[in-house]
Each structure stands twice: as C-alpha cells, then as structure tokens.
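J.: One line per chain: the protein sequences are A, B and C, in this order.
Just add 1392 to wherever you are in the first sequence, counting from 1, and you've got our numbering.
Just add 66 to wherever you are in the second sequence, counting from 1, and you've got our numbering.
Just add 264 to wherever you are in the third sequence, counting from 1, and you've got our numbering.
Warning: the hint list may mix true and false statements.
Unchecked claim - Here are the simulated lysine-lysine pairs, DSBU-like style, with alpha carbons at most 35 Å apart: (1) A/K1491 with B/K117; (2) A/K1470 with A/K1563; (3) A/K1470 with A/K1553; (4) A/K1532 with B/K129; (5) A/K1698 with B/K178; (6) B/K179 with A/K1538; (7) A/K1698 with B/K179; (8) A/K1670 with B/K178; (9) A/K1670 with B/K174; (10) A/K1538 with B/K129; (11) C/K312 with A/K1470; (12) A/K1506 with C/K312; (13) B/K179 with A/K1670; (14) B/K178 with A/K1538; (15) B/K179 with A/K1532; (16) A/K1470 with B/K117; (17) B/K179 with A/K1539; (18) A/K1463 with A/K1453; (19) A/K1491 with C/K312; (20) A/K1670 with B/K129; (21) C/K426 with A/K1491; (22) B/K174 with A/K1532; (23) B/K129 with A/K1539; (24) C/K312 with A/K1463; (25) B/K174 with A/K1538; (26) B/K142 with A/K1698; (27) A/K1670 with B/K142.
Claimed, not checked - Just a sample of chain B residues kept apart from chain A, beta carbon distances all over 10 Å, derived: (28) D94; (29) Y125; (30) H193.
Bear in mind the hints are in silico, worked out from the structure with no lab data behind them.
Idealized CB from N, CA, C, for every residue including glycine.
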Amino acid sequence: MSVFVTVLSLSSLATILAALVSLADYHLNDYGVCTININGGTRTVDVNGGSSILSSLAKHKIFIPSACGGKATCGLCKVTMVDTISPVLPTEEPYLTAKEIEGGVRLACQVKVKRDLEILIPGEFLTVSQYQAKVEKITKLTYDIKKFRLRLLDPAQMEFKAGQYVQVDSKLYGAVREEVSRAYSISSAPSDRKAIELVVRLVPGGICTTFLHEHVKVGDKLTLAGPFGEFYLREGADHLIFIAGGSGLAPIRPMILDILKRKLDKKMTFFFGAVSRKDLFYVDYFRDLEARYPNFTYIPALSGAKPEDEWDGEEGLITEVVARNISDPEGKQAYLCGSPGMIDAALGTLREIGIGAEHIYYDKF
Amino acid sequence: MKQAPDFLRIEENMRTGPLAAHDFLGSDERSLAAIIYHDRLLLEQLGLTAKDFAQRMRYFSSKAGADAGPQIVDGKFAVERAEYIGRILCPFADNFQAPKAVITVVNKELGKKVVWSDLNVHLIEEHGFFEGEGAPFRIEPSFYAEVLEI
Amino acid sequence: MGNAPQINPLVIFLASLFTSNMVLVNFLGMCSFISVSSEYDTASGLGKAVALVMVFTTTINWLIYHLLVVPFGLEYLRYLVFIVVIAATVQIIEMAMDRYLPDLHVRLGIFLPLITVNCAILGISLFMVIRSYSFWQTVLFGFGSGLGWWMAIAALAAIREKMAANRLPPGLQGPAITFIITGLMALAFVGFSGIFAVM
Chain A
1393 MSVFVTVLSL SSLATILAAL VSLADYHLND YGVCTINING GTRTVDVNGG SSILSSLAKH
1453 KIFIPSACGG KATCGLCKVT MVDTISPVLP TEEPYLTAKE IEGGVRLACQ VKVKRDLEIL
1513 IPGEFLTVSQ YQAKVEKITK LTYDIKKFRL RLLDPAQMEF KAGQYVQVDS KLYGAVREEV
1573 SRAYSISSAP SDRKAIELVV RLVPGGICTT FLHEHVKVGD KLTLAGPFGE FYLREGADHL
1633 IFIAGGSGLA PIRPMILDIL KRKLDKKMTF FFGAVSRKDL FYVDYFRDLE ARYPNFTYIP
1693 ALSGAKPEDE WDGEEGLITE VVARNISDPE GKQAYLCGSP GMIDAALGTL REIGIGAEHI
1753 YYDKF
Chain B
67 MKQAPDFLRI EENMRTGPLA AHDFLGSDER SLAAIIYHDR LLLEQLGLTA KDFAQRMRYF
127 SSKAGADAGP QIVDGKFAVE RAEYIGRILC PFADNFQAPK AVITVVNKEL GKKVVWSDLN
187 VHLIEEHGFF EGEGAPFRIE PSFYAEVLEI
Chain C
265 MGNAPQINPL VIFLASLFTS NMVLVNFLGM CSFISVSSEY DTASGLGKAV ALVMVFTTTI
325 NWLIYHLLVV PFGLEYLRYL VFIVVIAATV QIIEMAMDRY LPDLHVRLGI FLPLITVNCA
385 ILGISLFMVI RSYSFWQTVL FGFGSGLGWW MAIAALAAIR EKMAANRLPP GLQGPAITFI
445 ITGLMALAFV GFSGIFAVM
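So here's chain A without its partners, still in its complex pose (with noise of 0.2 Å):
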C-alpha cells in the first residue's frame, strides 16, 4: 500500500511539475509571429518567434551555409544583423573578429528570433534550395576518390554555374551521431540539369567523406543544398590556366566541358597534378578531349612517380611543372583548386610568372 502511495505522489508531482515547465515554454517562448526582413527587403519571411535565425530561415527554404548544423562549432552560419538586439553570446566570441562584432556580424545558429528582424547575407542564398537526390551510379575512380552520379528528385532540376559546389547532408551511421554537411564541387557539365556528379576523395577520418565512400549505395536518397561559390568563369581572358590537384578537378573539368560547349574562342592550358600513378584519373578522358579540340591542351604531372608507373609525362611539383610551361602573364586567367597547400604554392608560382591576383580564382574551402 505504501508502495502504491509512494509512487503514485512522485509521480503526480513530477507530472505536475513538468505540466508548469511545459506551460511556462509555451507561454514564455512564444514571441508571436516576427518578421524577418532580408537584405533591405528583398525578402521578408514571417516566422515564429522562439528560434534561432538559422532555423527559422531554414524553414523558409533559406539556407545559410553550415557544417555542423547550429552547434557554434563551425562559426560559418554569419549573419549581419542590421540593428543590435542583444550583445554577442560567449558561445558566439570565438569565431567573430573585433571587427565583426563591431560591424554587427552574428551566428545565424546562436541568435534566437524575439523581434522583427533586418539581416543581411549574401544574395546567392536566397537562390538556393534544398534538393532531395538519388544516388544513380557510383564509380570508383582511385584507391580514394569515387564519382557519385546524383540524379536530382525535388525540386528536379538545378541550374548552376561551371565551378559552383552543392552542401551534401551526412546521415547517421556507425558511432557517428550527428549529422553535418559538407561541400563539395559539382563535376558534370552544367547543361544537364537533371543530375549532377561528385568526385569526392576520402579523408582520413573524414565524417562527411566516410559516409559518402562506405555507407552510400546505389538507390540511397541524399540531401543537398545548393548551388554556392563565387568560383566561375570570368570574362575577359583569352587563356585560361587550370590547376588541380586530387579531387580539386571536379570543379575545373565542368569549366573545361561550358567553355568547349559554347564553342568560345580561349586557350586553356590544364594542369593536373598527382604524386603517382595510382593517384590519376580521368586521364584518357583529358587526353581524348585535347585530341578533339585544338585549343585544349592536358598536362598531368607526377611529383612521385615509381619505376613501375613507366611513366613518360611531367615530373615535378605541379607548380615547377606550371612555371616550365607558362611565361608570358598578359591576357591570362588562373583558376585553382585543391589542397590548401597546393592553392598557396600556386598562387606563388603565379605570381611571379606575374598574373595579377585579380585574374587568379580559387575557392577558400
């Protein structure tokens, strides 16, 4: 009987404890129907106060570049924020500079939705969308890197331009309990609209990598959000330097493939750089192409190559092999992509072959 008492009192407090704490959320965190006011008014989203602008956009198909999905522990989700409303979060300080808090700068994931809102973001966000894909095909291209063919469900059609990259969204698996996105360069030709192809390159210990390599199967459905990057064709050259590094050629080959297409009239020189044999692909594809068109030319090189790689073509870091290549700067456009490292010593092998930092392109991944 005791028992029966005992147990039937601590539960009905608890039960009427967690009834108040459930009411006092309701009442407390309910901040009515704000409006959200992006980029001086080209577009307002009324949302429901209480959470933070990351998700309320998100909501609203508005979606702001993030990698760990509103933890603060990526610090990409930044936002200016017209007017202040409330002073940083410590969870916020480490990833603003002095400058940016100053200038307003915010963590989209860390600041809740109170009030009617002005923000600023890039106006490339507002054209991205949120697509539900299927994987058609995946080939495998390297020891480490694999091709992933996407075909795109809903909406059914991306258009994007030759160098832009997608957010990819892990799912759970093994130990792995959070899912985060990553980006990655779309590496098929942006004429077809339907699909899109990523070469991605296993990192070791990569979360998102991991996921797409060893537990993504032919048929699975995938979410991705896009297209970004401010990494595309420019006007205004008449010799276009491509280097690349690993998976750094996805993003160049769909470059290559619109500038043949439209059928304009540039050189482009195509620098691909590998420690050895087993690090090289899309090789006779390259090769058949500067075979097919005159103004194309493909050069692979190797910086470590083996005796049994029997290999012929250029030897050397890629960018000794760009400067043996490459001497007069004028009427010249660089675009980069690869490794950090890679990026660095480019840029420095460009500069002083003297192209301008201002006809050289490159990602910041």
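Once you have looked at the hints, place chains B and C on chain A.
T.: The following block gives chains B and C in isolation, referenced to the frame of chain A:
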C-alpha cells in the same frame, strides 16, 4: 577529475560527430582535463615541453611538400605529407582551422613509423592535448619522441 | 508545524544574513562563489538569481513538504522531492529571464542552469526541515539566506575587481587568492556571532 564547464562543451566537440568521424578522446575513460594533465607529467619525465614537440613536428612537415611523395630528411627520415581539400576546426572552439593534412614519418634507422595530422600540432602546441588513448591520431609522447628523435 | 521554534522570523532573517551566512559560515555554494566572482556585474547578477531561486524554492518546498511529503509519510524521499522542485523552478525562472531580462541571461550563461545543483539551495530546504521552521520563518529564512549569498558574492567580486591590478606571486593568482580572501571574509563574519540567536 573535476573540470570547468567549458571543458565539457569541448569534450562534446571531440566526440565522434561534429568535427571528425573518430573520437579525439578514443576509448579513453579519463576526462579531458585528466588526459592533458597526465600527458604533461609524461612530458616532464621525458624532459620535454609541448612546444619542443610541436616545433619538431612542424620541422618535418615543412620539409615535405604537399602531395610531393616521400622526401628524405636528414638522411634517415622518410617524410610524406598528404593534403586534402578542406579544413578542420579545432575542437577547443578557438576558431583555429587546420588544413586537412596527414604527415607520415619513417625513421629508417629504427624501422619505426609515426603518423599525425596538422591539427595535432596545434592541439599540442596550444592546448597540450595529445588525444586520448585509442584515438587514431593519438600522439604517444614517448614513442613519438623516440621515432622523431626529439 | 506545531513545534516550530519560538523565534521571531525577523531574527531568523537577520541571522541568515550575517551570523549564519550560507556561504561564509556554512560554506555552501562554494563552486559558483569562487568561479563567478571575478566581475562585479556578473557576480551580482548571479547573486540576485540565487536569491530569487532560494526564496521561491524554499517557499514551494515548505508547502510541498508539509502538505504532501509529511501527510503521506514520505520524509525519506525529501532529497528527491526537493531537487525535482528546484530543477523545475530554475527551468521556469531561466525561461522567464530569457524573455524579460535577456542581457542578464546572456551574462549568466551556463551558471544559471548550474544554480540547480548549487548546494546552498538544497541546503536551505534541508535546514528548514531539520530546524522545523514555520511557514513565515521559512520564507524569511530563504529570503535572508539568498540576500546573504548575494551580499557575499557581490562583496567578494568587488574585492577581486579592486585587486585585479595588484601584483601577486604566480602561485597565488586566480582561485588561490580567492580562497584566502574568502577565509578572511569568513573570519570577519564570525565577528557577528552572538548578536542574534542562531539555530
């Protein structure tokens, strides 16, 4: 060992998930503060500081060009640096980003090999953190000191 | 309820402020007392929050203890009941603060939820049972203890701000000197003893 509330948040970042597909703490059951403390004692026994460690590691990774294949350094070390696209954030939430790079050094005289990532150098230098037992990028101070001849 | 000590609630109030100050005499609630006392504004904010939570939780806990726990003979479960009530109260206060005092909410940050596990808060509720205080005695006891805790942390923070520029030997910086200051403050509070009847 009792630790500050912000360390709990950092431990969360280190778990499998937000930053990497592996756990920075590995299978270690000790707290983050305890791991750092014990490694500091280990270093003291070796007569080294975390700065010595980071400097020596940086020396090797600067000798190997990105994706340049194995290079021979000082006649007996084979050093290779593989770089990937992208950066990884430091789990201590100090807004530091390391390139995703893996450095492999083989001491040919001893016939022993060690591996680390660029982030390890920062973790050791700034936070005295060598990662937990069983983590894939655990830098065991005595073994690394032996192989790298620190 | 019937055998409450015959002490004027006002005396209990003053006693809990000075002679049996929660933190300086009973040494309860030391964690946040040491760690959040480097800035006067934040410390004072936390002090206010603790005082608020103390008044609310002791009052609610007295009612629940005498109307629910005692009639059903559940005295042995009082730790559980008190902690659950404290947790819920802190939750609600936090939400209210986020809504109406966002600046303070930001500054208290992680320490607000930690009030739940501030031992001074639970201590008050347990003292009120051991000392079998009546309702009004309890309310003023909670109020006095809360004010006392606030006063103590505000005083400590003020001292620490004053000596922020002082040159200390490295081994004494931070928590070390704070413990010494706390000890000296406690000694000073011992000087109050004998002024009021203490339970």
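J.: Each hint: holds or not?
T.: To see whether the hints hold, each was checked on the structure:
1. The suggested pairing of A/K1491 with B/K117 holds, with an alpha-carbon distance near 31 Å, which does not exceed 35 Å.
2. For the hint linking A/K1470 to A/K1563, the alpha-carbon distance of about 24 Å falls within 35 Å, and the restraint holds.
3. Taking the CA atoms of A/K1470 and A/K1553, the gap is near 24 Å; set against the 35 Å cutoff, the hint holds.
4. The hinted pair formed by A/K1532 and B/K129 meets the criterion: a straight-line CA distance of about 32 Å does not exceed 35 Å.
5. For the suggested pair A/K1698 and B/K178, the alpha carbons sit about 22 Å apart, so the restraint of at most 35 Å is met.
6. Using a Cα cut-off of 35 Å, the hinted pair B/K179 and A/K1538 holds, with the two alpha carbons roughly 28 Å apart.
7. In summary, the hint linking A/K1698 to B/K179 is supported, as the alpha carbons are separated by about 21 Å, within the 35 Å threshold.
8. The straight-line distance between the Cα atoms of A/K1670 and B/K178 is roughly 25 Å, inside the 35 Å bound, and the hint therefore holds.
9. A C-alpha spacing of about 24 Å is found between A/K1670 and B/K174, which places the hinted pair at or below 35 Å, so the restraint holds.
10. A threshold of 35 Å between alpha carbons decides the hint, and for A/K1538 with B/K129 the separation of about 30 Å falls inside it, so the pair holds.
11. For a cut-off of 35 Å, the pair hint linking C/K312 to A/K1470 stands: about 34 Å separates their Cα positions.
12. Straight-line distance between C-alpha atoms of A/K1506 and C/K312 comes to about 24 Å, which keeps the hinted pair within the 35 Å bound.
13. Between B/K179 and A/K1670, the direct Cα distance comes to roughly 22 Å. Compliance with the 35 Å bound is thereby established for this hinted pair.
14. Taking the CA atoms of B/K178 and A/K1538, the gap is near 32 Å; set against the 35 Å cutoff, the hint holds.
15. Distance restraint check for B/K179 and A/K1532: the Cα-Cα separation of roughly 29 Å lies within the 35 Å cut-off, and the hinted pair is therefore satisfied.
16. In summary, the hint linking A/K1470 to B/K117 is supported, as the alpha carbons are separated by about 33 Å, within the 35 Å threshold.
17. For the hint linking B/K179 to A/K1539, the alpha-carbon distance of about 32 Å falls within 35 Å, and the restraint holds.
18. Between the alpha carbons of A/K1463 and A/K1453 the distance comes to roughly 20 Å, so the proposed pair stays at or under 35 Å and holds.
19. A threshold of 35 Å between alpha carbons decides the hint, and for A/K1491 with C/K312 the separation of about 33 Å falls inside it, so the pair holds.
20. For the hint pairing A/K1670 with B/K129, the CA-to-CA distance comes to about 23 Å; that is within 35 Å, so the pair holds.
21. Annotation: proposed proximity of C/K426 to A/K1491 holds, straight-line Cα distance about 30 Å (limit 35 Å).
22. Distance restraint check for B/K174 and A/K1532: the Cα-Cα separation of roughly 34 Å lies within the 35 Å cut-off, and the hinted pair is therefore satisfied.
23. Distance hint between B/K129 and A/K1539 is fulfilled; the C-alpha atoms sit about 32 Å from each other, no more than 35 Å.
24. Restraint check for C/K312 and A/K1463: the C-alpha separation of about 29 Å stays at or below 35 Å, so the hint holds.
25. Taken as a hint, the B/K174 and A/K1538 pair is honoured in the structure, with Cα atoms around 33 Å apart against an allowance of 35 Å.
26. For the suggested pair B/K142 and A/K1698, the alpha carbons sit about 20 Å apart, so the restraint of at most 35 Å is met.
27. Restraint check for A/K1670 and B/K142: satisfied, since their Cα atoms lie roughly 26 Å apart, inside the 35 Å limit.
28. Every beta carbon of chain A lies more than 10 Å from that of B/D94, the smallest distance being close to 15 Å; the non-interface claim holds.
29. With a least beta-carbon separation of about 16 Å from chain A, B/Y125 lies farther than 10 Å from that chain, consistent with its non-interface assignment.
30. Separation of B/H193 from chain A is adequate, the least Cβ-Cβ distance of about 13 Å exceeding the 10 Å criterion.
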